[in-house]
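Enquirer: Here is what each chain is made of, one letter per residue.
2 protein chains.
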Amino acid sequence: MTIERPIDPARSRSVLDPYVDRYAARTAGMTASEIRALFAVASRPEVVSLAGGMPNISGLPLDVVGGAISDLVATQGPVAMQYGSGQGVPELREQITEVMALEGIQAHADDVVVTVGSQQAVDLVTRIFCDPGDVVLCEAPSYVGALGVFKSYQCDVVHIEMDGEGLVPAALRNGIRAVKAAGRTIKFLYTIPNFHNPAGVTLSAERRPEILAICREEGVLVLEDNPYGLLGFDREPMRALRADEPEGVIYLGSFSKTFAPGFRVGWALAPASVREKLVLAQESATLCPPQFSQMAVSAYLANHDWQGQIKQFRELYRERRDAMISALSDLMPVTVRWNVPDGGFYVWLTLPPGINAKAMLPRAVTARVAYVPGTAFFADGFGSSSMRLSYCYPTPERIREGVRRLAGVIEAEMELHSTFGTDTAELRLGAGVDSPGTDTL
Amino acid sequence: MTIERPIDPARSRSVLDPYVDRYAARTAGMTASEIRALFAVASRPEVVSLAGGMPNISGLPLDVVGGAISDLVATQGPVAMQYGSGQGVPELREQITEVMALEGIQAHADDVVVTVGSQQAVDLVTRIFCDPGDVVLCEAPSYVGALGVFKSYQCDVVHIEMDGEGLVPAALRNGIRAVKAAGRTIKFLYTIPNFHNPAGVTLSAERRPEILAICREEGVLVLEDNPYGLLGFDREPMRALRADEPEGVIYLGSFSKTFAPGFRVGWALAPASVREKLVLAQESATLCPPQFSQMAVSAYLANHDWQGQIKQFRELYRERRDAMISALSDLMPVTVRWNVPDGGFYVWLTLPPGINAKAMLPRAVTARVAYVPGTAFFADGFGSSSMRLSYCYPTPERIREGVRRLAGVIEAEMELHSTFGTDTAELRLGAGVDSPGTDTL
Chain A
1 MTIERPIDPA RSRSVLDPYV DRYAARTAGM TASEIRALFA VASRPEVVSL
51 AGGMPNISGL PLDVVGGAIS DLVATQGPVA MQYGSGQGVP ELREQITEVM
101 ALEGIQAHAD DVVVTVGSQQ AVDLVTRIFC DPGDVVLCEA PSYVGALGVF
151 KSYQCDVVHI EMDGEGLVPA ALRNGIRAVK AAGRTIKFLY TIPNFHNPAG
201 VTLSAERRPE ILAICREEGV LVLEDNPYGL LGFDREPMRA LRADEPEGVI
251 YLGSFSKTFA PGFRVGWALA PASVREKLVL AQESATLCPP QFSQMAVSAY
301 LANHDWQGQI KQFRELYRER RDAMISALSD LMPVTVRWNV PDGGFYVWLT
351 LPPGINAKAM LPRAVTARVA YVPGTAFFAD GFGSSSMRLS YCYPTPERIR
401 EGVRRLAGVI EAEMELHSTF GTDTAELRLG AGVDSPGTDT L
Chain B
1 MTIERPIDPA RSRSVLDPYV DRYAARTAGM TASEIRALFA VASRPEVVSL
51 AGGMPNISGL PLDVVGGAIS DLVATQGPVA MQYGSGQGVP ELREQITEVM
101 ALEGIQAHAD DVVVTVGSQQ AVDLVTRIFC DPGDVVLCEA PSYVGALGVF
151 KSYQCDVVHI EMDGEGLVPA ALRNGIRAVK AAGRTIKFLY TIPNFHNPAG
201 VTLSAERRPE ILAICREEGV LVLEDNPYGL LGFDREPMRA LRADEPEGVI
251 YLGSFSKTFA PGFRVGWALA PASVREKLVL AQESATLCPP QFSQMAVSAY
301 LANHDWQGQI KQFRELYRER RDAMISALSD LMPVTVRWNV PDGGFYVWLT
351 LPPGINAKAM LPRAVTARVA YVPGTAFFAD GFGSSSMRLS YCYPTPERIR
401 EGVRRLAGVI EAEMELHSTF GTDTAELRLG AGVDSPGTDT L
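Residue numbers (the working numbering), protein chains in the order written: chain A, 1 to 441; chain B, 1 to 441.
Mixed in with the good hints there might be a few duds.
Claimed, not checked - Using 20 Å as the maximum straight-line C-alpha spacing, the simulated EDC-like pairs for lysine to aspartate or glutamate come out as follows: (1) B:Lys180 <-> B:Asp131; (2) B:Lys311 <-> B:Glu236; (3) B:Lys151 <-> A:Glu276; (4) B:Lys180 <-> A:Glu276; (5) A:Lys151 <-> A:Asp134; (6) B:Lys311 <-> B:Asp21; (7) B:Lys180 <-> B:Asp134; (8) A:Lys180 <-> B:Asp21; (9) A:Lys180 <-> A:Asp131; (10) B:Lys151 <-> A:Asp131; (11) A:Lys151 <-> B:Glu276; (12) A:Lys180 <-> A:Asp163; (13) B:Lys311 <-> B:Asp342; (14) A:Lys180 <-> A:Glu236; (15) A:Lys311 <-> A:Glu98; (16) A:Lys151 <-> B:Asp131; (17) A:Lys311 <-> A:Glu276; (18) B:Lys180 <-> B:Asp156.
Because the hints were derived from the structure by calculation, they are not lab data.
All chains should be modelled from the sequences, with the hints used to inform the complete structure.
Expert: In structure tokens form, the structure reads like this:
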């Protein structure tokens, strides 16, 4: 005979996760990002995903890439398949200096550290600089992947206002002073000067020296993240912040958007003393970045007109940007606002007052369109009336269809709002209808 | 006219590293490892390196690998070159469960997380579990790369005694109790049960259940690192600790020694709750491990007799082990001791009393032979009378020549010691002769 015992709440909790009391304090800050969750949504063919930031690599010459890589195996296989240097393949680091020269950067390959995508560069820089409680300054909004890193290192993010010309210098100066006045330590300013993810804006040429001067005066290191800089639609690449400030800027670059993300090859260019620490951090993290990936990227750069390929990418993304902007103009309610990016992947869209983008997402997914709610791009809960729309991946026709569906969802939400006169967030979340499963949100 | 000013010491320090006061506390623990420094030595052709742990991949069928990879680009290029899942490619994770089945592990692909080499798995596990000051138990000696990770997360390593049968159960129990009695928190036991790096020993079949029972009773999680398990010379793979303890063991594996390290593909198999945290940590660290590398490894496994290849590797390493052991027997002074590994890459050698392996290294390099001093494998300064010799990479002839040179150096050191009757450490370091440049040590 068995006796039914009352459930011990402690035990019941431990059945869910027996390790719950053992994790590091930093692990509490690791939660599933909204972008991650949306990968699942984006993969359903009936949904038009305006959410993900996957580059459109359909135009890559597979024969060239395949040929370069099989030559690599045949001629340098034993080197490509072996361990390599923690800093990265020297020849690739030379080529990286040539890529950066397009943005006015004069650098030596010795100061380049190859990373597993530029995401890992953000991780390693944060690892060597940030103690728990340190402050990192970020644009408002900022890249969700970087915010996740800062959170996982228990940093406090302080957002700095942007406008149509990028980071606002006066806001930066005030922000720095306020943080210092509170007795807090600022470790760096994390900024995406070109074709910002998610805001779509670019730091103007006039403001660049001003931002650098403020950071120099205030002793704030700049972490310049530039995955999209070569993907401008209407003009040549702008001069990088790093080009005018070699000692005060750590520059991050990536081949994920100008070639392909599947190799996970990014880099950091840093002042020599910082670069030495980054190499040690890389060795501790991975021993060395993948030698095969690096040599594959290097072979592609050596054997292909990579600048011509980037030109094709610019055309492809410009066409999609145009499709999105014209669809928005044609189809959205007049109270919805957005910017017109001149490069990169993203449009930042703001809903009329009272409409909550996060609360609306389940209804949008039901209507077979996906986006990323603005709250994902703030460390502090702001952004609920905004969303990021990406035009990089779908065809122009699908983009228009996605915008049409989204406009319908917004109109319905506005109608609901005008009928009930309340913030739809509480209403929808309370009602709990149309909510997708845990694997999709 | 310019006025010469006296040097400001603060400024002079800042010229060396202007960021010296800005790094995180953890960065103080990041220093160049002895193994890293030795890469530079090993690459000079006139030196016989018995230092590095580079696998000997000269036997890999380049035509098969090249063919599989160019097929991959042609047939699945757009997938292989795109972003993927943070957890890793599903098909590869299935194949990984088949690899682990050779060691008695029954696992589901859902519980596998692909990492950038198993080094990154050590990093991610430590990241999610360890706060500064937490204790990690390690064998004495232990793998230098893992010790570096634990140091970079500001953990305290407590070493547990090994003998010819591996970790000593009584020492483990006493160690755990002593740490607990001191009020410290143990986060896990890090252990390499098979063909230990650097000690060359294997945990006996009899001890395995005993070690697991102690950890279960004491509530200590086990981190089982097993890069060499399939590389035994005389018998089938032993049953993994994880095979008998699915909930209390995180198992780490790697393709670096059974296929090739240049793809940087390793993995962690973890209980579901821990695995979820590892995926989040991986996304924060890299977004996703390299898709191309993973699919290349997967294609190799699918298209090649990988188990036959491992058999060839076992023959190759057995031949080299034999060369090293017979050279040691023939050439070393009788007071030098070593073990005979039955798999893996390493011999652990102990010098007669009074001879310091670290202090002797510059003289050895001058005599054109390199090894890793034992101190690299201890977190606490022990190991000065020992060294790790690896036989994985050089030819049998070169191994014998390297041992001959090393024996000469040891004999000279012993003579010096018997003449001056003092620990040679102080003498050599004080004299500062025969010291290679900073780029080689």
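Enquirer: Indicate, hint by hint, whether the structure satisfies it.
Expert: Structure-based check of all given hints:
1. For the hint pairing B:Lys180 with B:Asp131, the CA-to-CA distance comes to about 16 Å; that is within 20 Å, so the pair holds.
2. For the given pair, B:Lys311 sits about 11 Å from B:Glu236 by alpha-carbon distance, which is consistent with the 20 Å threshold.
3. Taken as a hint, the B:Lys151 and A:Glu276 pair is honoured in the structure, with Cα atoms around 17 Å apart against an allowance of 20 Å.
4. Restraint check for B:Lys180 and A:Glu276: the C-alpha separation of about 37 Å exceeds 20 Å, so the hint is violated.
5. For the hint pairing A:Lys151 with A:Asp134, the CA-to-CA distance comes to about 11 Å; that is within 20 Å, so the pair holds.
6. Proximity of B:Lys311 to B:Asp21 is assessed by CA-CA distance (about 52 Å); at most 20 Å being required, the pair is judged violated.
7. For the suggested pair B:Lys180 and B:Asp134, the alpha carbons sit about 11 Å apart, so the restraint of at most 20 Å is met.
8. For the suggested pair A:Lys180 and B:Asp21, the alpha carbons sit about 16 Å apart, so the restraint of at most 20 Å is met.
9. The straight-line distance between the Cα atoms of A:Lys180 and A:Asp131 is roughly 16 Å, inside the 20 Å bound, and the hint therefore holds.
10. Of the pairs offered as hints, the one joining B:Lys151 and A:Asp131 holds, with about 15 Å between alpha carbons and a cut-off of 20 Å not exceeded.
11. Of the supplied pair hints, the one linking A:Lys151 and B:Glu276 holds, its CA atoms being roughly 17 Å apart against a limit of 20 Å.
12. Between A:Lys180 and A:Asp163 the CA atoms are separated by roughly 24 Å; this puts the pair beyond 20 Å, and the hint is violated.
13. Between B:Lys311 and B:Asp342 the alpha-carbon distance is near 14 Å, which keeps this suggested pair within the 20 Å criterion.
14. The hinted pair formed by A:Lys180 and A:Glu236 fails the criterion: a straight-line CA distance of about 38 Å is larger than 20 Å.
15. The suggested pairing of A:Lys311 with A:Glu98 holds, with an alpha-carbon distance near 17 Å, which does not exceed 20 Å.
16. Among the hinted pairs, A:Lys151 with B:Asp131 is consistent with the structure: their alpha-carbon atoms are about 15 Å apart, no more than 20 Å.
17. Distance check on the hinted pair: A:Lys311 and A:Glu276 sit about 35 Å apart at the alpha-carbon level, beyond 20 Å; violated.
18. Distance check on the hinted pair: B:Lys180 and B:Asp156 sit about 13 Å apart at the alpha-carbon level, within 20 Å; holds.
Hints 4, 6, 12, 14 and 17 from the earlier list are contradicted by this structure; the remaining hints agree with it.
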